[in-house]
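S.K.: Use the sequences and the hints to build the structure in full.
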Amino acid sequence: MKTYQIPVSNTWWLKKKSYFFFVIREMTSLFVAGYCLFLLVFISKAAESQQAYTELLVSLKSPVSILLHLIFLAFILYHAITWFNLTPKIMVLHIGEEKIPDGLIAVSIYIGWLAVSLIILWIIFGG
Amino acid sequence: MASGRTYIWKRGISVSESIELEIFRYCPEKDAEPLFKSYQVPFREDWVVLDAINYIKDELDGTLSYRWSCRMGVCGSCGMMVNGEPKLTCSAFLRDYSSGKIRVEPLQGFPVLRDLVFQMDDFINKLTEVKPYILRNENGEKQVEEGEYLQSPAQLAKYKQYTLCINCMLCYSACPIYALDSEFVGPAAIALAQRYNMDSRDQGRKQRQEVIAGHEGIWQCTFVGECSVVCPKNVDPAAAIQRAKVSSTMDFFKGIITLGSKE
Numbered sequence: 172m173k174t175y176q177i178p179v180s181n182t183w184w185l186k187k188k189s190y191f192f193f194v195i196r197e198m199t200s201l202f203v204a205g206y207c208l209f210l211l212v213f214i215s216k217a218a219e220s221q222q223a224y225t226e227l228l229v230s231l232k233s234p235v236s237i238l239l240h241l242i243f244l245a246f247i248l249y250h251a252i253t254w255f256n257l258t259p260k261i262m263v264l265h266i267g268e269e270k271i272p273d274g275l276i277a278v279s280i281y282i283g284w285l286a287v288s289l290i291i292l293w294i295i296f297g298g
Numbered sequence: 008m009a010s011g012r013t014y015i016w017k018r019g020i021s022v023s024e025s026i027e028l029e030i031f032r033y034c035p036e037k038d039a040e041p042l043f044k045s046y047q048v049p050f051r052e053d054w055v056v057l058d059a060i061n062y063i064k065d066e067l068d069g070t071l072s073y074r075w076s077c078r079m080g081v082c083g084s085c086g087m088m089v090n091g092e093p094k095l096t097c098s099a100f101l102r103d104y105s106s107g108k109i110r111v112e113p114l115q116g117f118p119v120l121r122d123l124v125f126q127m128d129d130f131i132n133k134l135t136e137v138k139p140y141i142l143r144n145e146n147g148e149k150q151v152e153e154g155e156y157l158q159s160p161a162q163l164a165k166y167k168q169y170t171l172c173i174n175c176m177l178c179y180s181a182c183p184i185y186a187l188d189s190e191f192v193g194p195a196a197i198a199l200a201q202r203y204n205m206d207s208r209d210q211g212r213k214q215r216q217e218v219i220a221g222h223e224g225i226w227q228c229t230f231v232g233e234c235s236v237v238c239p240k241n242v243d244p245a246a247a248i249q250r251a252k253v254s255s256t257m258d259f260f261k262g263i264i265t266l267g268s269k270e
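Sequence lines, in order, name chains A and B.
Just so you know, the first sequence maps onto residues 172 to 298 in the working numbering.
Just so you know, the second sequence maps onto residues 8 to 270 in the working numbering.
It is worth saying that the hints were derived from the structure and are not from the lab.
The structure presented is a predicted model; accordingly, all values stated were derived computationally and were not measured.
A couple of the hints might just be wrong.
[Said to hold, decoys possible] Think about it this way: if two alpha-carbon atoms lie no more than 30 Å apart in a straight line, the pair counts; the simulated DSS-like pairs of lysine-lysine are:
| id | chain 1 | residue 1 | chain 2 | residue 2 |
| --- | --- | --- | --- | --- |
| 1 | A | 270 | B | 252 |
| 2 | B | 252 | A | 188 |
| 3 | A | 186 | B | 108 |
| 4 | A | 260 | B | 165 |
| 5 | B | 213 | B | 165 |
| 6 | A | 260 | B | 240 |
| 7 | A | 270 | B | 213 |
| 8 | B | 240 | A | 186 |
| 9 | A | 187 | B | 138 |
| 10 | A | 173 | B | 213 |
M.R.: Shown next as structure tokens:
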């Protein structure tokens, strides 16, 4: 039987706000991966020599580096927050017949995030 | 795209009390490409888009083809794109579209047969593949005299949401993954598989896994989440798919721990 298939344009993700924000969320993975690579470089420099490590620290203080860090921070925060907000859909828990409300699951993850962040800050600045 | 003749209802209803419907028309015998035809339909507070389409069919142009049945959001037949959004037209009120013009197209992502009627064979085949019914192991079937399979309200609560699916296919239409790769098993079929997987009376999960965890199954889903947004029954297929991913991942780790030995 003859049918007509409506074509999908390459710009489908620009046609709906939700599609656009979804594509942005997918793209932020690149920033997460990129920063992981940077951390590996950071560790290898630290292992290499005191001088290499100091040079890296100096270069990190440049305006370009700070700007890049801010850009990465924005995208990685977007990544983390959108995924945290989606977690209640994945983690569906019941107590008897009652479903634990989505908000409660999301809030508990944010509290966990805060706790881990505080521990890291304590290690860096307090310990 | 050329727009066809504009029809005006000439029974004492002025234009200001009417609303324009731009309808996707495609006649496989005549048209190489679809076209849009405009119709002026009386605007009534209590009319839904389906009422307006029925009006066109009855009063203006009897050649228009579309599917509908219950007109109360239960049968899942009248799904169409209304101003670019997948909607059950029996639940989309004219009064909610203030622009004065409503564009109606067949559900996106499916081959169009005629006008607003699309081919649903692909969905029906996928639904069949996931075996959406209670399966028991070879020797797991109870004898009649042993009585029914009992289930507690808590066990029912685990999957009840997924039983509400009316197979309207709005979720497929909202899914960009399905639009780009029609092999993807898709939201409703996976949600229904999950409905039976989570049913305490069912033992068929392994049989469904081949399709669900296969190449075109859950791992194609990138969690756009639009399927759940458009679902008129709040089935939340996106959640069903993510939960199926969690279960499949657990299977994988269990497989490592038990070194792949069968239970």
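S.K.: The structure should be examined with respect to each hint, and the outcome stated for every one.
M.R.: Hint by hint, here is what the structure shows:
{"no.": "1", "hint": "A:270 to B:252", "in the structure": "holds (20 Å)"}
{"no.": "2", "hint": "B:252 to A:188", "in the structure": "holds (26 Å)"}
{"no.": "3", "hint": "A:186 to B:108", "in the structure": "holds (19 Å)"}
{"no.": "4", "hint": "A:260 to B:165", "in the structure": "holds (13 Å)"}
{"no.": "5", "hint": "B:213 to B:165", "in the structure": "holds (19 Å)"}
{"no.": "6", "hint": "A:260 to B:240", "in the structure": "holds (16 Å)"}
{"no.": "7", "hint": "A:270 to B:213", "in the structure": "holds (26 Å)"}
{"no.": "8", "hint": "B:240 to A:186", "in the structure": "holds (25 Å)"}
{"no.": "9", "hint": "A:187 to B:138", "in the structure": "violated (34 Å)"}
{"no.": "10", "hint": "A:173 to B:213", "in the structure": "violated (38 Å)"}
Of the numbered hints given earlier, the model fails hints 9, 10; all others are met.
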